[in-house]
Structure formats: C-alpha cells, structure tokens
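A.B. asks: Chain by chain, the residues:
Protein chains: 6
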Amino acid sequence: DGFTHLSGDGSARMVDVTAKAPTIRSATAEATVLVAPEVLEALTGGTVPKGDVWAVARIAGIQAAKKCADLLPLAHIIGVHGATVDFEVGADRIRIVATTRTADRTGVEMEAMTAASVAGLAMVDMIKGLDRSVELTGIRLLEKTGGRSGTWRREANGTTGGA
Amino acid sequence: DGFTHLSGDGSARMVDVTAKAPTIRSATAEATVLVAPEVLEALTGGTVPKGDVWAVARIAGIQAAKKCADLLPLAHIIGVHGATVDFEVGADRIRIVATTRTADRTGVEMEAMTAASVAGLAMVDMIKGLDRSVELTGIRLLEKTGGRSGTWRREANGTTGGA
Amino acid sequence: DGFTHLSGDGSARMVDVTAKAPTIRSATAEATVLVAPEVLEALTGGTVPKGDVWAVARIAGIQAAKKCADLLPLAHIIGVHGATVDFEVGADRIRIVATTRTADRTGVEMEAMTAASVAGLAMVDMIKGLDRSVELTGIRLLEKTGGRSGTWRREANGTTGGA
Amino acid sequence: DGFTHLSGDGSARMVDVTAKAPTIRSATAEATVLVAPEVLEALTGGTVPKGDVWAVARIAGIQAAKKCADLLPLAHIIGVHGATVDFEVGADRIRIVATTRTADRTGVEMEAMTAASVAGLAMVDMIKGLDRSVELTGIRLLEKTGGRSGTWRREANGTTGGA
Amino acid sequence: DGFTHLSGDGSARMVDVTAKAPTIRSATAEATVLVAPEVLEALTGGTVPKGDVWAVARIAGIQAAKKCADLLPLAHIIGVHGATVDFEVGADRIRIVATTRTADRTGVEMEAMTAASVAGLAMVDMIKGLDRSVELTGIRLLEKTGGRSGTWRREANGTTGGA
Amino acid sequence: DGFTHLSGDGSARMVDVTAKAPTIRSATAEATVLVAPEVLEALTGGTVPKGDVWAVARIAGIQAAKKCADLLPLAHIIGVHGATVDFEVGADRIRIVATTRTADRTGVEMEAMTAASVAGLAMVDMIKGLDRSVELTGIRLLEKTGGRSGTWRREANGTTGGA
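For the protein sequence lines, the chains are X, F, G, L, V and R, in the order given. If you're matching positions, the first sequence starts at 74 in the numbering used here and goes up one per residue. If you're matching positions, the second sequence starts at 74 in the numbering used here and goes up one per residue. If you're matching positions, the third sequence starts at 74 in the numbering used here and goes up one per residue. If you're matching positions, the fourth sequence starts at 74 in the numbering used here and goes up one per residue. If you're matching positions, the fifth sequence starts at 74 in the numbering used here and goes up one per residue. If you're matching positions, the sixth sequence starts at 74 in the numbering used here and goes up one per residue.
Each hint should be verified, as a subset may be incorrect.
Each pair may be met inside one copy or between any two copies, as identical chains are not told apart.
[Claimed, not checked] In silico SDA-like cross-links for lysine to any residue, where the CA-CA straight-line distance does not exceed 20 Å: (1) Lys201 / Asp89; (2) Lys201 / Gly219; (3) Lys93 / Thr224; (4) Lys93 / Gly202; (5) Lys201 / Thr218; (6) Lys93 / Gly219; (7) Lys201 / Val162; (8) Lys93 / Leu203; (9) Lys93 / Glu228; (10) Lys93 / Thr218; (11) Lys201 / Ala229; (12) Lys93 / Thr179; (13) Lys201 / Arg86; (14) Lys201 / Leu215; (15) Lys201 / Thr179; (16) Lys93 / Ser206; (17) Lys201 / Arg226; (18) Lys93 / Arg227; (19) Lys201 / Val88; (20) Lys201 / Glu228; (21) Lys201 / Arg168; (22) Lys93 / Glu114; (23) Lys201 / Arg227; (24) Lys93 / Ala229; (25) Lys93 / Leu215.
Hint data in this document are derived by calculation from the structure and do not stem from the laboratory. As the structure is a prediction and not an experimental result, all values here were calculated from the model.
All chains should be built: construct the whole structure from the sequences, respecting the hints.
C.D. replies: Encoded structure:
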C-alpha cells in the first residue's frame, strides 16, 4: 500500500490489562534521604521550619501516588484506594516508607515507589537551602501482595547486582 | 479577638521570590538505576522492548521537569526554558544525567533532580517485570549556575554525611 | 534500631477503601454568590458578557468534580460517572446547585462541594472586574445517597452551630 | 462566504494581557469554616487526627493557588511567586487567610480566593466524617496591591448587597 | 421562590453512566500528518532529529489517551486499560493509528481520537521548524467494539457529508 | 570510564530558549469539523443540546492552549496571555479559528493549533452520539507574528505537498 509500517515489538505501548481481574493489591516501597547530621539536628530540633517538613513530604508522597499515570508514560489509569507515607529518623538519614493499596486491575508497585520518591524530593526541596549535597537514595520495592503473581518480599540485605 | 492564631515560623509556606531577578540559571543532577547484569544485557541486546526504554525514560524526565510546581507543594510556578536527559550504561547500572535551564526568578535544582528521578522511575516501570529488585539510587545535584549564589559544583566523591 | 518512628494516629493518610463495595452513590451540594443588584442586572441584562457566564461556571464546576483527587490531598482516585451544575438567580444572589454520581467505592460529597465551589469561583472571576466585593458563601452538602451510611438530607434551615 | 459567524461580545475569551507590565502584585482573601463546637473541640483537643488537619489544609491551599489557570477557564498562566495560608480558630469557626504574590502581568486575586476556598474544602474533607453539616462560607477578597488599579481594601463590615 | 431557574435541556452536563455495565470496550482512530516530501525525507533519512520523532509522538499520544477527562469537559473519569499508537509513512504523509481499550463503563472512542490527535500535534511540534505549512487532518474513528451498541466499523471510503 | 553514552543528536530534548527575548507574539490556527447536514441542522436548530456545544468547545479550546506544555513533551512552560476560539458554520462543516498571544520567550503556534484541535475534539465528543462518522480535519497554522522570524501568513489555498 505504499506505506512503511513503523510499529514493532520495540515500540512503547500501554499493555492491555482489560482481562485482568480487579482484586485487592498492595505494595510497600522505601527511600532514604542522606543528610548531614548537623542539618538533621536542626531539622528535628526546631531551629529550622520543622513540624511541617514531615507533613509536606507526607502529603507530597500521597499525592504523587495518585499521579503515577501522569508521570509514567506507560502506566494505566487505575483507582488508588489507600496510601500512607511514614518516616524513621536515624543519625544521618531519614527513611521513608510508602504503602499503597488498590482494588483495581494492576499492581501498585510504581505508586508506592513514586510516593516514596516524591516524598523524598519534597524533603530535599526543604533541606537544600541548608545542605545542597543532600542525596535521595535506596528507592526500592519492599513487598507486594495480590494479583496473579501473589506476594513477593525483598530478602534481607537482598539487593540487585549493582548494589 | 477570641481567635487563636495558628500560623508561625514552623508553617509551610511558598517563600516570596517576587524581589528576585529573572536571570539565566541552570542545574544538573544525576540518578542511577541498579539492575541485574542479565537484565541489562537483555535491555541493550534487544530481547526485551528496548529502543523505547531510553525514549520513554527521557521523555518522562523532561515532562517531570515541567511538573515540579505540581509535585512539590512549596515549589514556585516558573518558566522551564530548557531540559535534557541523557544516559550512560555500565555493567550493572544505568546513570541518568538531567540538566534544566530557566531565565526566571528561582533556581532549577529541583527541576533537575525531579527529571532524573522520574526518568529513573519510568525505567524501573519498564524493568520491573523482569527484575522486581531493581533499585533507583544516588539522586543528587551535581552543579548549579546563576542566581545570587552563583555557581556550585559537587566535589569529586563528595557526598553528604550519610553516604 | 536507632530510628525514631514518626508516624502515628495524627498523621495524614489516605484511608484504605479497598474493602468498600462499588455501589451507586450521589451527592448534591450548593453554593451562593452574593453580588450587588446592579451588577446582577448587568449580568442578566446583557450589558456585560453574559450567556457564557453560566456556561463557563457550569463547565468549570463539572471539570472541578473530576479534579477532587488532585485538589484534596487525602481524596481517592475514583470514577466520576455523572455531574450537573445548575443555577438559580435571585435579586442579589446566584444559587449554584451541583450533583455528582458514581458507581465506585467512595461517596462523592467532596466532588459535589468542589464542583459548586469552583463554579462559584469561576463566576467571581468574571464578575470581579465589575464588583471586587463579590462574595462566595454557603457552600454545603444538601443530600447524599448510597454507600454504607445510606441517605442523608440537610434539615430545612439546618445549619451547623456557627451559622 | 456562506458561513454564519458565531463569535461575539458575549463569548468567553481569555482577555489579552500582553500589554500589561510585569510588576509586583499581591492579594489577600479569607474563607470561614463553620463547625459544631464539639467537633472543633475534638479537632483541637486531639481526639481526632489533628496536627495534620492544619498542614493538609495549608498545603492544599498553597497548591490550589498554583492551579488557578487549570481550574478557572479564562484565567491566564502566570508565575505564582509567593503563597501563604494561615488559620485562626474561634468558638465555632475556623478563619482561613490566604495571601498570594506575583511579579507577573495579572493580579492574583483569584489565586488568593482559590487558595482560601480549597484550604477550606480540604478541611471539610477531613471534618465531614464527624459532621456532615459543616459549611464553608464567607470567601472574599480582603485586599489587593499593585497593578494599574493599585491598592484596594475591603471596608470594615463592608459586604456586597446580598450579605 | 423568587428565583429564576437557569438549567434546561440545552445545558452542558456530564451524562450519568452509573447504570452502564463495566465491560471490555475498544476503539481505533486515525489521523494524518501532511508534510512536504523533502521534509519527510529529512525526517526518515536522518538529517534531522529522527528516531525520537516517532517515540515522542507515540508517547504523547498514549499519555493524551489518559487525559481525556481533563481535556474534554463532559468526558467521564474512567480507567484506561490499554493504548497503542502506530505509524505508517507514505510519500507525503504520515498516518497515525491509535487503539485504546478499557474494562469500564463508557466507550473509549474519544480516547482513541485524542491519542491520534495529540500524537499528530507532537509530530507537528517537531516538524514546524522545518515546514510551517504542515497540516494535521483526517482525524476520525475507524472502529469501536463492546458496550451496548456493539461493534461499528467505518465503511471503506466512507466519510461524512462534508468530505 | 566503562560507560556507553546514549545521548546524541537524535535524542529528544527541550531546546534551550533562555537566550530568546520575551516579546509579544501571536498565532492563529484553524480546524474544521465535517458533519452530516442533518446533524448540523439539529445542532443549530435546537433539537439537540445546542447553545452549550459552542461554549463547551470554546472553553475546551481555551483551556487546551494552557495545557500545551503538558500535552507536548518538548514544549516549554510559558505564560499564555490571551486566547480566543471562534466558530463559523457552513452547510456541512464547522470552522474553528483559534488565536493565542503571549509576551514570553517562545512562539505560540502550538498553543493555537492545540486550542483549535481540542475545541474540535470537544465538538466531536458532543456530536458522536448522533453521527459516529464525524471527522476533524484541516488543522493548520494560518498566521504567526512576533519573535525573531517575524510575521508569516499561509498563502491562499496554500497547503503542504500532501493536500
């Protein structure tokens, strides 16, 4: 027909999930913000704007879980039916743990990883005036449940080859 | 007046930048995706959807640079006047480098870090079917130029206290 | 483990609704725009841009019903399956009535209140050039149906303690 | 030409502001949430999720100031260069005061009113489980500065005809 | 009641689809970009940025399928559960074919047409520096399946009266 | 360094416009909706929802002009400082003319073409229940002014090679 066809197996596509069953699925991911101890002290000790650092980061993370289909080109629009973002403060780092839940057709692993990442970025945004070298690291899936492949848990200290 | 006032120094606020001059500013940030060598081989060798992995991640990163004000609660709406996202492939990792530019009133450090992060998340989204343990790490500012504080460069191997 | 845990009952979270059944639910809310009679006369009499005031406000309201998950940090992403916005014009006020419907897992009360509010703000946006003192008021739920708690109707003249 | 032209003075249009000068402008608006005293007591006394009520509402308001061009069909895309949202708690009401600032081509009155409104809606979203009759009211401009028309202040008790 | 009611059959409304069944539905639409042969040659021959023209347009189209509820005022929020965008290159034109799929309550015809249109606009955005007269044309539905009305296919050469 | 660099001239990038001067620029584009005469008659004669067809399409178009940076991956975030969408009705077609204006660093050609396209899609969305074969066609730039390249006008009947 005089046309050269350009689609093929290598093309980006949003995979068809119409045949997948809506079931309850969850995912938990973590991220870590590395920060100079003196900055962390200021952060928790009240000499810089503080209480709201946690609230701003938490809310940024929850909202980001809802923006996955907008941020990730091949992600599906699905219902996001639950999301939490919590923090743990160590000597030189803040650990962020995000959990997302759905009763829809796809897993919510990317929603959890995106929530953890954006909570971390919001934290960096508030810290960078004090410490430009702040680093966001260790964004990874900890656990998923539901769906055809069922439950998966990261092994202790288990990391991918590049760790 | 019978009212208890709840605002204070600890409240979240979008800092007033109306007095800052619009000048040319840039920022460069990096992120790293750690991935099992066999997955990386498949990724670059063509046995999984490939060419577009780079395009999807690059475009996701560029678009994310434009979504900063939406993702980060206290970020300002500014013009984003240039953005690039590039990749380097090692034995067990992919390094993402994002650069953003503006001729507006604030720095674009968060735009660069967000672009690198979301490019990485888009890559994770495409890899996770092959390797759930994939990890996004080392998101940090490499350099900024322009604005009142001028140029800043991360020192070689220089990381924050928690590294 | 050396970490101080920061999550608790007071933290913002998107409540888990995965266990709620998808059923037909509706909500109706109202808002009122108070406006100087001479401005209202101009508005309805054709000496200012008019026909479209209603269309712009109506469409802004319908679109806002779809933006709830984006505007309200803890709101869920749900399907919005029906929305109407109607107006009643009095001597010195315009009454806005918004109704939203869904067949999803949560109520649509906030969708209806957001639709009424944003329709009102769009109206204010078009009126403020004529009358800066224009006021948007009385945004409240009138009725909801469906879901576990069933039907609720505001009592006549029933307002909360502060009315 | 056989065509019937449908545009006219009554059509919605985004007014051309290319000729307006970028100058520093600000606006302050208020909104009030009316709430049963016992609910307000729970809210401030800690028997319901609380600390974050203020943070969630504040952040929702700040983010909404940035969404004006998306929410209001005829609003312009402009830089939003500063935003604050504060609260005052009375016996049966919460007063929200939002201030927005820009160094761009249009006023930010609608940004301030939208911030106050959406902060109020976010508060309603968190209160409605306790009190469905909660009402959002009194959304109005208090002051604006800058631009061709200069400073305007609402007179004490000054309301529009419908008050 | 002293109020003039302004709603009527002619008002914009988001039609209530709560009673429609969630079933598998699909739609395919096409669009055509008309472009000078020498530009097309440059485009496919590598003297202008190329490989990514297809990737950028494809991704823009897939993402646009997810933005229908945001772009079209009366469209519903539904799940988008599959999307592809492919290209065929002729002597003086590029044909875009977009297919969308859902397991939700409404058809996805507008999602397919929007995907084809925005893929075309993204292509125009990259071509316009070379050829300002580039034209996007022939955006139309080719086929739909599922839902109450079942399958529909455009007849060969079948166009509407104005073709 | 053991890394393979993947960026090159063929990669998608948001071109740097920080050096371009903010000046007044405008663009006008058109689109045409081809529709069966009997449907057009119903549309203008009142036996289908009508008045609002024009308002919905006009508002969808104006709002789309503001969404260019979100829809087109390589478009810049710029101020949109004026937008109009008008209609002309012929025997079997509706002609849409969109004009956009800015005082910012890039041209607004894509804003005008996107406004015309999305106004057309909104119209298709309302017509498709009556006529599935409705077609959106002839989306093209008519004129641009301002910027380094100054004024450009499409020649009468002038179309690209593929017309």
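A.B. asks: Tell me, in ascending order, the numbers of any earlier hints that this structure violates.
C.D. replies: Numbers 9, 16, 18, 22, 24, 25 - these are the hints that the structure violates, sorted from lowest upward.
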